[in-house]
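As a plain string of letters, each chain reads:
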Amino acid sequence: DAGVIQSPRHEVTEMGQEVTLRCKPISGHNSLFWYRQTMMRGLELLIYFNNNVPIDDSGMPEDRFSAKMPNASFSTLKIQPSEPRDSAVYFCASRYRGGSGELFFGEGSRLTVL
Amino acid sequence: AQTVTQSQPEMSVQEAETVTLSCTYDTSESDYYLFWYKQPPSRQMILVIRQEAYKQQNATENRFSVNFQKAAKSFSLKISDSQLGDAAMYFCAYRSPNTGNQFYFGTGTSLTVIP
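Residue numbers (this note's numbering), protein chains in the order written: chain L, 1 to 114; chain W, 1 to 115.
Hints are computed from structural coordinates only; laboratory data are not their basis.
One or more of the hints may lead you astray.
Claimed, not checked - Here are the in silico distance ranges between beta carbons for each label pair: (1) M39/L with E52/W: 30 to 38 angstroms; (2) E44/L with P40/W: 17 to 25 angstroms; (3) A72/L with A71/W: 35 to 43 angstroms.
Here a beta-carbon is modelled for each residue, glycine too, at the ideal position from N, C-alpha and C.
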């Protein structure tokens, strides 16, 4: 299995620009999570989906952030407009809702907003 | 909400020695799952070991083992025969099967392995 695939791995953009991060979960996994990691705040859950349906988006910082999961094999996290404080590593993770159900993480997308 | 506490921001160990990373959690649930994840400089989070709360036996994966004390709500990770490749950030995590399968992560412990 290819694992969770995220793109891009690195993104440098200017303040005010739109940023779209992409994620392909592991085939057969039915839950998908978006996390943000910074030195100051650690690992924060932004939103998660079960069977493509958003369950908890209380971690989404503000209306500038939106996430979609149009099908079981694809999700996006969009920031519009981006701000320097959005600079972080964004992780996507997926899991199968059974057993211990551990998370499988992608390699992360490092976002730098200038 | 459940909380996970890692009280050691940084730890170091001599190569080939043993080190224990601590983790405590707060919960009123009886059924849950606990995990240790490793995040090397390459930054991808990798599962090290898992423990089901209903199992009394401590989980073991090669050089990695846990000391699970359910009553004390403690879940420490022991790394034996430490290797240079073990240097990483280690995160303890709790998963509740009841609150929408939410995961709760600790703040991490940075482990340095000294040659």
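Comparing the hints with the structure gives:
no.	hint	result
1	M39/L with E52/W: 30 to 38 angstroms	holds (32 angstroms)
2	E44/L with P40/W: 17 to 25 angstroms	holds (20 angstroms)
3	A72/L with A71/W: 35 to 43 angstroms	holds (40 angstroms)
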